[in-house]
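Here the structure of chain A is known, so what remains is to put chain B with the ligands in place on it, guided by the hints.
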Amino acid sequence: MVDTTKNTKLFTSYGVTTSKAINPDMAAKMISKAKRPLLVVGSGVLKPELLDRAVKIAQKANLPIAATGHSHVGFLDKDVDAKYINVHQLGFYLTDPNWPGLDGKGNYDMVIVLEFKKYYINQVLSGTRNFSNLKAISIGRDYIQNATMSFGNISREDHYVALDELIDNL
Amino acid sequence: MSKLTTGSFSIEDLKDVQITINTIVGAAKEAAKAEDIGPMGPSPFPGLATYRDDWNLKLLDRYEPVITPMCDQCCYCTYGPCDLSNNKRGACGIDMAGHNGREFFLRVITGTACHAAHGRHLLDHLIETFGEDIPLDLGQSDVLTPNITITTGQSPKTLGEIKPAMEFAEEQLTQLLATVHAGQESAEIDYDSKALFSGSLDHVGMEISDIVQIAALDFPKADPEAPLIEMGIGTIDKEKPFLCVIGHNVAGVTYMMDYMEENELTDKVELGGLCCTAIDLTRYKEADRRPPYTKVVGSMSKELKIIRSGMPDVIVVDEQCVRGDIVPEAQKLNIPVIASNAKIMYGLPNRDNQDVDATIEELKSGAIPGCVILNYEKLGEISVRLAQEMHPIREAAGVREVASDEQMKEWVDKCADCGACYLACPIELDIPEAMKFAKEGNYSYLEDLHDACIGCRRCEQVCKKEIPILSVIEKASQKIIAEEKGWMRAGRGQVSDAEIRSEGLNLVMGTTPGIIAIIGCPNYSDCAKGVYYIAEEFLKRNYIVVGTGCGSMDMGMYKDENGETLYERFPGGFVSGGLVNIGSCVSNAHITGAAQKVAGIFGGRTMEGNLAEISDYILNRVGACGLAWGAFSQKASSIGTGCNIYGIPAVLGAHSSKYRRALIAKDYDESKWKVYDARNGEEMAIPPAPEFLLTTAETWQEATPMMAKACIRPSDNNLGRSIKLTHWMELHDKYIGGLPDDWWKFVRGEADIPLAKRAALMKILEEKHGWEIDWKRKKIISGPTIKFDVSAQPTNLKRLCKEA
Ligand code: SF4
Ligand code: SF4
Ligand code: SF4
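Heads up: the protein sequence lines correspond to chains A and B, in order.
If you're matching positions, the first sequence starts at 466 in the numbering used here and goes up one per residue.
If you're matching positions, the second sequence starts at 282 in the numbering used here and goes up one per residue.
One or more of the hints may lead you astray.
[As the list claims (entries may be wrong)] Simulated pairs of lysine to aspartate or glutamate, DMTMM-like, Cα-Cα distance not exceeding 20 Å:
id	chain 1	residue 1	chain 2	residue 2
1	A	K512	B	D711
2	B	K613	B	E658
3	A	K543	B	D1022
4	A	K471	A	D490
5	B	K717	A	D623
6	A	K570	B	D1022
7	A	K474	B	D698
8	A	K512	B	E709
9	A	K548	B	D948
10	A	K548	B	D1022
11	A	K570	B	E951
12	A	K512	B	E714
13	A	K474	B	D711
[As the list claims (entries may be wrong)] Anything over 10 Å on all C-beta distances counts as not near chain B; from chain A, calculated:
id	residue
14	M466
15	G480
16	R501
17	P513
18	F540
19	V589
20	K600
21	L635
In short, the hints are calculated from the structure, not lab data.
All C-beta atoms, glycine included, are put in the ideal place defined by N, C-alpha and C.
If we strip away everything but chain A, and leave its shape as in the complex, we get (with noise of 0.2 Å):
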């Protein structure tokens, strides 16, 4: 087990609220219990640790995958139900209830985010914060301020240990 809400610290702070720390478990307990969850990721997640990662917990929990930046191309030859999107654009439309979503089913009630520098992910989620009530997991190795719920900051080799045991949880 890795306790991923350990380490919390910011180097500036974007005000008067923060995430929430939770460990692996308790995310995948979120994510489950969604009723229109969206996984969202970064280019970050080309590496070959996380891409399977990713692959793992998208089938698993049966999410659809917002492919943002150029992630899109490792997906294409993965059993799973990845589009892309710009992800600036994403956090725009996740405000908008009448968005039909990457599917044409609507919108969605929860985003799981995994693999961007913080500060970009941060930035669309501070939308999403203040013009939604939409629900954002941070899955990352780094603790996202602006998420409803996030890993702490962790090691690298701390971070696939929880992703495992995140997986394990679905």
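The following block gives chain B with the ligands in isolation, referenced to the frame of chain A:
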């Protein structure tokens, strides 16, 4: 009472009294409003509200503001701080969206003010030096001042005639700044409209800055063969004294060059710079192509890196994009700093009134770390002589060298792997990991950080072991730094009328697939080389790639397998497949200027006081997309916003999400993708492109197909559309993988479909989208939601339509 006019006159009864009136406040505006000055659009000398209803709100209806706050709080006034999270309202009544609209707007007017102040400084200085009557000789063009003309209705022909436009920009900036005051504007959308207006003024300020220096300082004049300039830290000859200039304003630097030329020092002293001053010093007196001798060290991210190299013997700063820690950093290595512009004085003593020799002695002795010198004659002499004197002194003191191998090992061994630097680094570089490998003797991980590192020193300030991390990275990268040698074409100035005439039709029809403008600063989220990859990709595909500022530099820093830079491989003209270095940041006005001239010269639209119609033409017919891949400054936000009001979209790097406001359209909302056909006022459906006016991308691989797609316009003819679709779909396949989901939305008939894959794509249209195909005639029978009509006149402005 009759109105006063300019000129000289005497007053009866008062002998020997003659009064001369040079300018009358508001007189130019009055003259412009008179009816006998030729064609004039509806909006000369606009105010805060002028463009709002007619144009800005139409743009903002499709391109909606996307707010991503940087902070939950507002602390503008003493009611606060207020918690605005979840779009709450503060004590004054403004909500989170409104406050962030204000924050973005504040960035835009700050950038606008920077360029306007730069323009004012140059205009006054050059008029004082050369007189008001210097003609605006900018190359072979009739349309010399598109931004000024569209905004004010005026077409100045001399330095002096620019004054009314300058005054107008200054006046409007005051009006704009006033709206920020607590209790004034609170609607987000109106901050956006005002920001767009400010953006248009920014391009006026930039245009003034660049045309006065081109005209008075003999810069290349719309010259596609402007000379190639040496670039990179590796081009500086270490054996010579090195005078290093940093900033944006060339006024003072010309005096250094004059001094060096008068005293035959051009081969004895290295004069080089960072940021736009460097670009503009390579343009000085280049109109007649004398052999260039000054050098461009690189972009802003190299400021601390060049200081840490120990090479500069004197640093002169002017204005804009200059780091705040130049003096303390330079002081550690005995480099005197001279502040040459009143905008940055660093708390240094002013030595304008002191004898030149005394000032040199004082700086040489180290009694003061630097000084202010605003007198350019003195600046020219002191800076060059001081560099010569400091060189041997600094050489002897051993401060011109980077750290020794032993020192490096000592630093690296101290690392406690605490991770503080990783948390602090704005680029999120994994310094602790690189340190770990360095301890084992493997410095390659540190070397890998060099290109992405912006030289900001945030890491060093949090390191409890006091490791000079930036110096460690630079030491590990000595080999690649020595090879940092590139070429850049000197900034050529405007795109000429003739070039517009020959490319105008291709651009409007789409057969030249678009203009890609690579501009802005080096705050890259991936790597500096990204701009090189993007530029190369578009050049190979026959787009016109134009560049300015740090973007122009970084495009020239990398070489292909034959050792050639992009500037050596591609022609410098505004032609399909040309790589056009327009110039420094202020030359960005010529990029909007080129698009405006397509509307004015090729499209025959009135330019005078006619912003909405010109912008409408560009949005619907001129495929162009900007890339500010490392946008960091307020100026970058105003430049981009100026492009936006003129209908030119821009992709920014991931850091730019911190500007807090993007403009993105809903590609799924069909009601947003309709324009009028000006022939009869009927609505016509258009494809969803460009999908944004201002947005960010995560990686250069993502940005590339985004930009290709953003060049698609309703006016494309079949060949143009098929060319644009070919490039977008190929780039999407290459970098994102597979076919884009929405490619079919852009197809109006079989002739639009990329030729090489036409049959296969038609099969997809039939099977996946239910389109009816006549396979014998290879024709689409039904399916497309948009129609192609070669003579349609797409417009967003109902007022331009003839009623059916
Ligand atoms: S300007 Fe308004 S929101 Fe900001 S601190 Fe003052 S009262 Fe609060
Ligand atoms: S100097 Fe370089 S490594 Fe250090 S924090 Fe800045 S960008 Fe990161
Ligand atoms: S802050 Fe200093 S000690 Fe800590 S990991 Fe970075 S370099 Fe090492």
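Hint check:
no. : hint             : verdict
1   : A:K512 x B:D711  : holds (15 Å)
2   : B:K613 x B:E658  : violated (28 Å)
3   : A:K543 x B:D1022 : holds (18 Å)
4   : A:K471 x A:D490  : holds (15 Å)
5   : B:K717 x A:D623  : holds (17 Å)
6   : A:K570 x B:D1022 : holds (16 Å)
7   : A:K474 x B:D698  : holds (16 Å)
8   : A:K512 x B:E709  : holds (17 Å)
9   : A:K548 x B:D948  : holds (15 Å)
10  : A:K548 x B:D1022 : holds (8 Å)
11  : A:K570 x B:E951  : holds (17 Å)
12  : A:K512 x B:E714  : holds (16 Å)
13  : A:K474 x B:D711  : holds (16 Å)
14  : M466             : holds (21 Å)
15  : G480             : violated (3 Å)
16  : R501             : holds (17 Å)
17  : P513             : holds (16 Å)
18  : F540             : violated (8 Å)
19  : V589             : violated (7 Å)
20  : K600             : holds (14 Å)
21  : L635             : holds (26 Å)
Against the hints set out earlier in the document, violations occur for numbers 2, 15, 18, 19.
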